[in-house]
Amino acid sequence: MSPYLLPLLNTCGADAWELTETRTEGWEFYFIRHALDQHRVLNVTHTTVKVFRKSEDGAFLGSASGEIHESASEEETKELLSRLLFQASLVRNPVYALNTPKPVEPLNLSLPDIPSMARDFIEAMRQVPETPGESINSYEIFVHLRTRHFMNSNGIDLTETVPDSMIEVVVNARAEEHEIELYRSYTSGTCSRDDLIRDLTDTLRFGRDRLHTVPTPPISTAPVILSTSAAVDVYRYYIERMGAAMKYRRLSDWEIGQKVCDAPLTIEALRTLPNSSGNHAFDPEGAPVRDLLLIENGTARAFWGSSQYAGYLRLKDAFIAENFRVSGGTQDAAALRTGNYLEVVEFSDFQVNSMTGDIAGEIRLGYWHEGDRTTIISGGSVSGNMRETPLSFSKETRQYDTCLIPSVTRLETMHITGIDPA
Amino acid sequence: MNAPFSSYLQSIAPCMKQVISLLGASFDYVSILSTDSVGWRIAIGQRSKAVTNSTMTTERGCVIRVCRDGLYGEYAFNHFDPEHPEQIAQDAMAAFRAQRELLSLTGTRPYATPALPDEPCDLFTEFAAQELPENTDQKALIDRLSRLSDLAMEKGQHLIECQVTAQSTHISKMFLSTRRDLRQSYIYSEGSIVPIAFHDGKNVYTHVSVAGREGPEIFTALEGKLDESLEIIHDLLRAERVVPGEYDVITSPEVTGLIAHEAFGHGVEMDMFVKHRALGSSYIGKRVGSDLVTMHEGAKCAVNVTSYAFDDEGTLAGDVTEIDHGILRTGICDALSALRLGTQPTGNGKRQNFEHKVYTRMTNTLFDSGTSSLEEMIRSVSHGYLLRGMQSGMEDPKHWGIQCIVERGYEIVDGRLTGRVVSPLIMTGYVPDLLGSVSMLSSDREVFGSGGCGKGYKEWVKVADGGPCLKTRARLG
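As they're listed, the protein sequences go chains W and Y.
Heads up, the first sequence is in the numbering used here, so the first residue is 1 and it goes up one at a time.
Heads up, the second sequence is in the numbering used here, so the first residue is 1 and it goes up one at a time.
None of these hints come from the bench; they were simulated from the model.
Please note that the accuracy of each hint is not assured.
In silico DSS-like pairs for lysine-lysine, Cα to Cα no more than 25 Å straight-line [to be verified]:
1. W:K259 x Y:K155
2. W:K54 x Y:K139
3. Y:K225 x Y:K155
4. W:K50 x Y:K202
5. W:K316 x W:K395
6. Y:K202 x Y:K225
7. Y:K155 x Y:K202
8. W:K102 x W:K50
9. W:K102 x W:K259
10. W:K78 x Y:K225
Chain Y regions said to be covered by chain W (calculated; three or more residues, Cβ under 8 Å) [to be verified]:
11. 48–61
12. 88–97
13. 135–142
14. 197–203
15. 227–235
16. 270–281
17. 468–475
Simulated restraints on C-beta separations [stated by the list, open to error]:
18. Y:N2 x W:E75: 23 to 33 Å
19. Y:L316 x W:S116: 40 to 50 Å
20. W:R33 x Y:E119: 49 to 59 Å
21. W:D202 x Y:E375: 36 to 46 Å
22. W:A97 x Y:D227: 36 to 46 Å
23. Y:D118 x W:P101: 35 to 45 Å
Ideal Cβ positions, reconstructed from N, Cα and C, are used throughout, including at glycine.
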């Protein structure tokens with residue numbers, strides 16, 4: 001941060017301000033099969049400021065944000081702050097209070113170094129059990145250490161360093177002239193080596209199955225089972241609708257105490273999850289992150305969100321949540337896999353729209369269970385709406401980075417568009 | 001006037017050339033892309049308003065690309081002293097050395113690739129602009145956007161919110177290598193109206209937009225889109241669910257563009273050819289569509305949000321005929337992939353920003369027009385749908401599958417619109433089947449540049465797509 005930024009912020013005429021400086025050290029490796037396409041290094045710092053101006057009557061608060069580049073001179077910085085102040089004066093939102101200093105318990109993470117993080121991924125990928133018929137096509141590794149420093153005009157001054165990683169993997173399966181691919185993407189704090197190898201081993205098995213699919217038959221309606229990361233989007237529907245922004249903007253009509261799910265659904269925001277990339281001691285506005293019960297046994301209990309929207313809803317100790325735990329299932333995963341159902345393990349792009357509740361996704365690999373028969377299928381699509389389909393889920397859980405969710409989710413009434421036989 | 005090139009980039013050019021010279025002693029190839037793009041985004045709704053000076057493409061930073069012994073590396077940075085290029089070179093060398101140590105430790109071998117050719121080229125392009133985002137009267141603009149949002153609430157049925165957004169970005173990029181000095185600047189803008197309604201327990205919303213390689217003057221066109229957006233809301237509120245099946249469909253230009261982009265465009269991004277991830281690689285020279293299908297791709301084949309003079313690897317912009325009357329001729333290619341495939345780059349090497357790697361990415365992806373009128377096309381359908389409004393899509397280059405989520409369909413029976421609306425729609429199928437059944441194309445053509453494109457689920461860049469209306473056969477669910 002330049003030495004003149006803080007003095008300028010304090011004297012520019014803003015009624016309040018926030019400043020976030022994020023320094024990122026990152027390594028990236030791009031592989032074609034196991035040969036290195038390219039290696040990259042990131043050494044970047046971004047400083048963003050947000051200035052606030054109250055209206056003359058104090059009823060409204062405007063804000064505007066922008067990046068102060070590391071290369072900006074004192075003159076350029078003054079000019080940008082002046083522009084931000086002008087822009088803030090044009091924006092009239094109901095007034096709300098910025099966060100004030102509160103005790104923040106540090107995460108006390110033991111931070112690995114970047115080379116170790118990268119090495120773990122590189123070595124893990126070599127341990128995936130490939131065969132001549134199922135193998136790794138390509139993968140991309142991203143590892144970062146990010147140091148975030150947040151300050152505001154109320155006196156908050158916090159710093160933390162956290163790791164985050166991502167690996168994107170494409171696997172192939174082949175039989176004679178026919179080859180298919182499956183795609184996986186994993187985010188986490190550092191490398192979860194065992195989880196990665198286990199999931200990719202499963203993926204290779206799915207790849208083998210994908211070689212033998214038949215077109216999805218015209219099923220019409222059936223229950224759909226989700227047992228992969230696609231299920232996260234189902235629960236994000238509930239999480240986002242418990243967001244203060246959606247509530248205040250009337251995009252969510254849920255009320256505290258309202259039954260929002262017939263299933264015994266419980267959703268909590270959590271301060272930490274094991275090796276999550278979303279583990280933070282404080283949120284992007286300097287509020288301490290804590291555990292918070294959002295939905296209990298299907299009933300809405302608390303909204304979560306930024307200081308602006310939390311302020312409008314008069315929420316106490318609000319924060320922007322990143323980690324979530326979904327629980328409440330009473331059945332074993334096996335008990336959910338009964339009757340006729342379609343279990344889809346690979347979609348093109350599974351989507352659940354948190355505003356409309358619409359569900360959609362093209363089937364790349366699914367298992368249609370009808371009586372005693374299981375048919376491996378591909379093609380066609382599933383669709384439905386969260387407001388119309390009963391939900392059930394297992395008591396067993398599985399973590400996908402920032403979300404710990406039931407390992408099996410069942411959407412009871414889904415429309416399945418198959419491929420008409422010729 | 002012209003969009004002026006960044007004075008900041010002009011000021012650091014000598015430093016970057018020094019860095020290239022210093023690193024040139026240790027590498028077979030060195031180039032630096034430097035960027036300085038400024039802009040703003042204004043979002044006005046009934047319940048909240050926001051102004052930010054960042055858009056999808058605002059950035060300032062540099063990325064060095066090097067090659068030695070067949071291995072490519074990059075170093076992205078944004079804080080440095082331009083008076084000390086030797087420090088930048090030292091930092092980059094230290095970073096590369098540290099990574100190479102890890103690669104040696106893990107026994108990693110490179111995907112050996114020759115050094116990129118570095119043909120001499122000097123270019124300085126400032127594209128024309130009527131108004132610069134830096135000079136916009138933002139008060140007047142915010143007032144106009146607020147009035148639009150208020151007017152929508154007055155006129156619309158069951159509206160709970162109407163968000164109106166406007167964003168404008170002034171792009172400056174500089175590509176330097178031992179023999180190339182390329183500098184460009186241009187402005188692009190996009191705006192949208194998003195009315196949101198709630199009725200009978202149902203939430204619906206739509207998105208109408210304007211976009212182009214223009215300045216903030218483009219936002220006056222938003223006023224003309226308001227009534228259209230409210231009519232769409234009215235249609236969505238009464239929409240039913242489609243009976244899944246295969247139908248004759250007529251796609252509006254926006255949906256045509258979605259097909260061009262998702263169903264086909266991604267499938268011929270040739271970095272996928274290198275990895276054997278594209279079915280298209282085995283179809284070069286073969287039929288992939290009907291005789292009516294001709295498709296172009298390139299920064300030069302339309303003037304829209306990503307119509308630049310050179311790409312992020314210093315390759316000049318191109319205009320490629322991908323499909324020529326149904327025959328697949330070629331794909332699009334970044335420079336590194338072109339080298340590996342033994343072909344020519346097409347000016348499609350793009351980064352999300354200086355912190356990200358280059359991938360082969362689309363620019364303008366367009367179907368050529370035909371000769372029919374929309375009325376003729378509707379009359380030719382015995383039972384099908386007129387598809388309007390794109391929501392999203394996902395590529396599948398390996399299997400040439402299609403997933404496009406279309407906002408709404410208007411039923412056609414016996415050559416007439418019945419008034420019945422279905423929404424939403426998932427269009428799925430197999431690309432050669434879809435393109436092979438194209439039987440009519442309208443004589444008009446539109447290009448759309450709002451939103452963004454990902455490579456899978458990351459690497460977001462600006463793209464544009466479009467074409468005429470087309471009639472084909474598709475599976476809807």
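Each hint, compared with the structure:
Restraint check for K259 (chain W) and K155 (chain Y): not satisfied, since their Cα atoms lie roughly 34 Å apart, outside the 25 Å limit. Taking the CA atoms of K54 (chain W) and K139 (chain Y), the gap is near 16 Å; set against the 25 Å cutoff, the hint holds. For the hint linking K225 (chain Y) to K155 (chain Y), the alpha-carbon distance of about 13 Å falls within 25 Å, and the restraint holds. Our distance criterion of 25 Å between C-alpha atoms is broken by K50 (chain W) and K202 (chain Y), whose separation comes to about 36 Å.
Between K316 (chain W) and K395 (chain W) the alpha-carbon distance is near 31 Å, which puts this suggested pair outside the 25 Å criterion. About 24 Å separates the Cα atoms of K202 (chain Y) and K225 (chain Y), which keeps this hinted pair within 25 Å; it holds. Between K155 (chain Y) and K202 (chain Y), the direct Cα distance comes to roughly 19 Å. Compliance with the 25 Å bound is thereby established for this hinted pair. The suggested pairing of K102 (chain W) with K50 (chain W) holds, with an alpha-carbon distance near 20 Å, which does not exceed 25 Å.
Among the hinted pairs, K102 (chain W) with K259 (chain W) is inconsistent with the structure: their alpha-carbon atoms are about 33 Å apart, more than 25 Å. With a C-alpha separation of about 38 Å, the suggested pairing of K78 (chain W) with K225 (chain Y) is violated against the 25 Å cut-off. Counting residues of the region 48–61 of chain Y whose CB falls under 8 Å from any CB of chain W gives 10; the rule of at least 3 is met. Judged by the Cβ-Cβ criterion of 8 Å, the region 88–97 of chain Y is covered by chain W as claimed, because 4 of its residues qualify and three suffice.
With a threshold of 8 Å between beta carbons, the proposed coverage of the region 135–142 of chain Y by chain W holds, since 3 of its residues qualify and at least three are required. For a cut-off of 8 Å, the count of residues in the region 197–203 of chain Y with a CB near a CB of chain W stands at 4, and the three-residue condition holds. Coverage of the region 227–235 of chain Y by chain W is violated in this model, with 0 residues showing a Cβ closer than 8 Å to a Cβ of that chain against a need of three. Residues of the region 270–281 of chain Y with a Cβ under 8 Å from some Cβ of chain W number 4, which satisfies the need for three, so the listed coverage holds.
Under the rule that three or more residues need a Cβ within less than 8 Å of chain W, the assignment of the region 468–475 of chain Y is violated, with 1 such residues. Separation of N2 (chain Y) from E75 (chain W) is about 25 Å and conforms to the stated range, judged on CB atoms against 23 to 33 Å. One distance hint, 40 to 50 Å for the beta-carbon pair L316 (chain Y) and S116 (chain W), holds here, with the actual separation near 42 Å. Against the hinted window of 49 to 59 Å, the Cβ-Cβ separation of R33 (chain W) and E119 (chain Y) comes to about 31 Å, which falls outside the hint.
The supplied range of 36 to 46 Å is broken by D202 (chain W) and E375 (chain Y), whose beta-carbon atoms lie about 53 Å from each other. Checking the proposed 36 to 46 Å range against A97 (chain W) and D227 (chain Y) shows it holds: the Cβ atoms sit about 40 Å from each other. Taking the beta carbon of each, D118 (chain Y) and P101 (chain W) are about 55 Å apart, not inside 35 to 45 Å as hinted.
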